[in-house]
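Chemist: Going down the list, the protein sequences come from chains X, Y, R and L. Take the first sequence: its position 143, counting from 1, is numbered 142 in numbering that gives the first Met the number 0, and each next residue is one higher. Take the second sequence: its position 275, counting from 1, is numbered 274 in numbering that gives the first Met the number 0, and each next residue is one higher. Take the third sequence: its position 20, counting from 1, is numbered 19 in numbering that gives the first Met the number 0, and each next residue is one higher. Take the fourth sequence: its position 66, counting from 1, is numbered 65 in numbering that gives the first Met the number 0, and each next residue is one higher.
Mixed in with the good hints there might be a few duds.
Which copy is meant is left open, so a pair is good if it fits within one copy or across any two.
[What the hints assert, rightly or not] Mimicking DSS-like on lysine-lysine, the simulated pairs with C-alpha atoms at most 25 Å apart in a straight line are: (1) Lys191 with Lys47; (2) Lys46 with Lys246; (3) Lys46 with Lys121; (4) Lys163 with Lys246; (5) Lys334 with Lys47; (6) Lys334 with Lys115; (7) Lys255 with Lys180; (8) Lys191 with Lys115; (9) Lys100 with Lys255.
Just so you know, these hints were derived from the structure itself, not from any lab.
4 protein chains.
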Amino acid sequence: MTTIKVAINGFGTIGKRVADAVDAQDDMEIVGVTKTGPSFGCDLAVKKGFPLYCTFDDQDRISAFAAGGYECKGGLSDLLEIADVVVDCSPGKMGADNLAKYKAAGVKHLFQGGEKHDLTGKSYTSSANHAENLGVEGVRVVSCNTTGLSRTLVPLFEHCGSLKVECTMIRRAADPGDSNKGPINAIKPVLKVPSHHGPDVMTVKPEIEINSLAVAVPTTIMHLHAIVVDLPDGHGLTTDSIVNMWKETPRVIVMKGNENRITTTAEVMEMARDIGRKWGDLHEIFVWEDGVSLQGNRLYYFQAIHQESDVIPENIDAIRAVMGTESDWKVSVAKTDAAISAYYNL
Amino acid sequence: MTTIKVAINGFGTIGKRVADAVDAQDDMEIVGVTKTGPSFGCDLAVKKGFPLYCTFDDQDRISAFAAGGYECKGGLSDLLEIADVVVDCSPGKMGADNLAKYKAAGVKHLFQGGEKHDLTGKSYTSSANHAENLGVEGVRVVSCNTTGLSRTLVPLFEHCGSLKVECTMIRRAADPGDSNKGPINAIKPVLKVPSHHGPDVMTVKPEIEINSLAVAVPTTIMHLHAIVVDLPDGHGLTTDSIVNMWKETPRVIVMKGNENRITTTAEVMEMARDIGRKWGDLHEIFVWEDGVSLQGNRLYYFQAIHQESDVIPENIDAIRAVMGTESDWKVSVAKTDAAISAYYNL
Amino acid sequence: MTTIKVAINGFGTIGKRVADAVDAQDDMEIVGVTKTGPSFGCDLAVKKGFPLYCTFDDQDRISAFAAGGYECKGGLSDLLEIADVVVDCSPGKMGADNLAKYKAAGVKHLFQGGEKHDLTGKSYTSSANHAENLGVEGVRVVSCNTTGLSRTLVPLFEHCGSLKVECTMIRRAADPGDSNKGPINAIKPVLKVPSHHGPDVMTVKPEIEINSLAVAVPTTIMHLHAIVVDLPDGHGLTTDSIVNMWKETPRVIVMKGNENRITTTAEVMEMARDIGRKWGDLHEIFVWEDGVSLQGNRLYYFQAIHQESDVIPENIDAIRAVMGTESDWKVSVAKTDAAISAYYNL
Amino acid sequence: MTTIKVAINGFGTIGKRVADAVDAQDDMEIVGVTKTGPSFGCDLAVKKGFPLYCTFDDQDRISAFAAGGYECKGGLSDLLEIADVVVDCSPGKMGADNLAKYKAAGVKHLFQGGEKHDLTGKSYTSSANHAENLGVEGVRVVSCNTTGLSRTLVPLFEHCGSLKVECTMIRRAADPGDSNKGPINAIKPVLKVPSHHGPDVMTVKPEIEINSLAVAVPTTIMHLHAIVVDLPDGHGLTTDSIVNMWKETPRVIVMKGNENRITTTAEVMEMARDIGRKWGDLHEIFVWEDGVSLQGNRLYYFQAIHQESDVIPENIDAIRAVMGTESDWKVSVAKTDAAISAYYNL
């Protein structure tokens, strides 16, 4: 079997995590990662043995790496020449420019949720639409929030055939390593109502009706979703059967909060640190079992989203989708997760 | 006109504010406030000229005030003898004991939202059910959250005849003067689902169908409600007409967030400080005009609640209700608010 | 007695507070306040009856006020014509431009601590150097931190004749109404070492040797100073006598933290709200009595600074200094504080 | 070579980290870890293959593990029988009871910094007094703060022969996984002045004169020390030579904050996550190079302390000290750190 040659364009918060997850798989390998210039983040690439390329083809910028003490193999074009697929992890607003480069190079491409659906016209989550994206030229792996919603809503939808969803998103205002953003002591509503977050689920599963409201709050570690779902008549579900459904769903963790003393996102992240993935990541969506309640046809639940990492394994599955190497999403998910688990064997 | 003689049992966070609001009115007066013993909080009563009583009738405790340098007029029983109505602002769980004392003394009584509806079997907000509480022996003025929901939902209900409401409450985890409580960096879902907060509205307006989910977040200054309301067919409303309805509703402030740079609860509270009420209080519910959106029959909006003070004017109206001195809630509200406004003439 | 005619250039966080404090005095009056254009903040000026002027002389900008529904009396030049003294409360970096205008208009002027000492060559705090600034053309009222340090250090210096001070400033990262700034969950050291904060005391009392280190922390309400002072041999002081000295010092509050349950800056601000000044302001420096400890010649203490308001009364005294109407700082301070106290008679 | 048999009494925040660090070494092994009962934390022990024991010898408590689905090998006494050394990581206040058990079992023992020096009469940090603790029965590994101070002060002391130190500790108020503690929006001074933190350094290096002040702030991730050191005359150091000294000191990281965009503790912890140790730990003390400044004989600097993990490698060295297997602290430190680095090979 030939391994899939993967390029990471943008070795930052998401890029470094996707690179590790690729490195963990036996059917793909990192052929290079890009940085805009010599900086602290290059050390990590060197340590991992990932070849370094410059985000730009400009010879001066490429040469600057050597001056900073790093070996740079060339520009983005050089990297694209040797790659089968590029995972675009560059900062927002670069999508259109980059897309043209990827197409010109004839390289398959993944974008992240910071880009709009319209960029490629295709969006992806493992459980929602893997099969539809088999062999496509490029696809957007949706955002952390949309990925999280898909994880719990898609199996519900598969069972029920239709869903009407309202989600209030209580969002962490800044990432842990970002000390510039506030607020320190306030709640900030997103005044675009309904917000764009919920409806984005419809880019991967158009049949789910969903809206959302969003607020930002002074925490750095996780988003929390407060979700209300109207199930259709005759759904045949109970609170318990829904809990059991999610317990069997990949990349969803369901635990009793009170019994396990996991009553806030702080304790969820602490549990994640014990799992031992790098950066204390939690790829799974966390659902509080004692927060799930079906009242007639209306379902209430809370879930927590690790905004830095829940999309990482989806990127791996999406690589297999666009490369057409695995058509069964469940097989891909199982392979991805087992490899990651073995990689971080702590 | 004889003034209504008001006793405040518990001169703390709520008690001191109600006392000021009573003091501002011309149809009622403070005849005494209670403290459990000599302490820092007594100074405020002295400064305001409110007679000090002991929460208990125990002679040793009463004498302790003199030792602490404060004149104490007697115990709670002495105070009840000279009062027409007592506003119970004691900490939670004291309700049942106190109720017996108030009944024994033949004094009308108000409780606060920390007590359950069942204590008196009657609950109150000015706009929802003033007339129903005319002349009753005692009533519970509902919590800050329930009061806030009533302010915006009751006029909607009056117009529509029925409403189905889901509210996600993003709650400040601690009051500004409370430095013991956390979390510092987490979101805490209330794992009782649905939470008790929303349904409490039905104690004042049983016809409104409502449920809620609640989370606590690391801020001290305001609660924020993210609300979804299903209006009945034929409601005849638009986003604009709803905004205008609320602009004419007492104790509701509707402002454009982006235009006025009031985009978080921090800026709302800053605006409140400019108003100049003591403690920087905001008696009104704040609705972001640019966060109101009617989509078909489904209405979305955000409102912010100053948890320390929005119930203060309701207590004044409730005093008039139980005393039977003003049967029209709108007249009482107008009188209450004008007097408070003149009192804090800053 | 003619009242001193005071203009406020910049009716924002500091300007609105100084205007109120001026309004409280019987020997001075507000003749106008400036805003850059029609905005929310103009309402407060209207409510208080302060004549509104435009920060600029540009006719278009002046006319914009009428369009926004506010009466504008003219530009800054018009205001300066009728003023004896202007208090510059404009945002930083405007100092040099404004200074030229004030000089051209022949109006006495105060700047705030955001400007550098070099702008006027003179700096002011009431207790440090009132007499030196009698009748000068203009002076800078120093920052909240420098004012706070002067309050407690100057009386110590007057007693001892010399002091060597190290101060670590734990600074609130953003003001309460500012929701943009972070950090949410981090401590930020000021990497300029020593920081500029402490040495700024030497602009008002050059004989005090002082350095400082500063960090910003995720809170909005007060700065806290951790101070170490080396007293000269033969100082004759004890922990108790120092506490007593500060108890007799104007604008310093000394209280036992544990006994009064004022163990953090949150409870200090809560106490301030009870005092009843507008915006919940605390003009005084708060010293924890149980945090004062003299060990040999080395004194340790903590003090808390309300960064939005401690300089307000100093501005009033500084007006009297530059106008030459009161040469004794203690007389001015007593007059200022009594008038403010009566003004906010809550 | 026989490996040292290590027991961990208390497999919690510190215990689980020490266990991993022991597991990484080739001259020691974990023979068992204790838990008080079956709980979430047992899973980690099972995953790592560490034999589980009960903190108590009570047969009912031991049997409870099996009921919870965990194999329990016995009580603490059983574990002590097969151990050469026990690392006590139990919660505070258990020290005296546990000490008696360890002595009775004839097992060498380490305590953590939550215990007082007097418990064993001996305290330890690797660089300060490894040699003095060779072969002793038991020793206390000092707290995270004392360990951090030793790391930077001991080499300074070794060079200068004497030091006078003042340290202001800006402490994180709660650990990341602890959502109960506040404050949310306040600064809390430790009113015992001077605080106990600084002088604790004298338990490992009595010749260093040191005092400290401490405050708690609303952050969860690191302590920060603002340090002022008086060097003796003739020290011969410069800011640069001190920076270079620390760059060669084990377990100290010195980096330019502005150049590397590591300007707060948030970015320090983000850098630590990139290093890839489990839990995102940072065993090293972080010193901002651009925050070091020698002014005459007075040195100013800031350092950040990862309170959950900086003592972990010291525990490993202390095991070798009490077992008498390595007399040179630098050799032990190099061995410890290389093994940990290889273990977390991410």
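Chemist: How do Lys46 and Lys246 come out at 25 Å by Cα distance, when the copy is not named: within, between, both, or neither?
Modeler: Answer is between: at 20 Å across copies they meet the 25 Å cutoff, but 37 Å inside does not.
Chemist: Could you figure out if Lys163 and Lys246 sit no more than 25 Å apart (CA to CA) within one copy, between two copies, both or neither?
Modeler: within (22 Å within a copy, 32 Å between copies)
Chemist: From the Cα coordinates, with 25 Å as the cut-off, is the pair Lys255 and Lys180 best called within, between, both, or neither?
Modeler: Between copies, since 22 Å is at most 25 Å while 33 Å is not.
Chemist: Between Lys191 and Lys47, at a C-alpha cutoff of 25 Å, which is it: within one copy, between copies, both, or neither?
Modeler: neither (42 Å within a copy, 35 Å between copies)
Chemist: Given a CA cutoff of 25 Å, do Lys46 and Lys121 count as a within-copy pair, a between-copy pair, both, or neither?
Modeler: Neither: 35 Å inside a copy, 40 Å across copies.
Chemist: For Lys191 and Lys115, with the copy left unspecified, which applies at a CA distance of at most 25 Å: within, between, both, or neither?
Modeler: Answer is within: at 17 Å inside a copy they meet the 25 Å cutoff, but 37 Å across does not.
Chemist: Give the relationship of Lys334 and Lys115 under a CA distance limit of 25 Å: within one copy only, between copies only, both, or neither.
Modeler: neither (29 Å within a copy, 51 Å between copies)
Chemist: Indicate which option fits the pair Lys100, Lys255 if close means a Cα-Cα distance not exceeding 25 Å: within, between, both or neither.
Modeler: neither (48 Å within a copy, 36 Å between copies)
Chemist: Classify it for me, Lys334 with Lys47: is the Cα-Cα distance of at most 25 Å met within a copy, between copies, both or neither?
Modeler: This pair counts as both: shortest intra-copy Cα distance 22 Å, inter-copy 23 Å.
Hints 1, 3, 6 and 9 from the list above are not met by this structure, while the remaining hints are.
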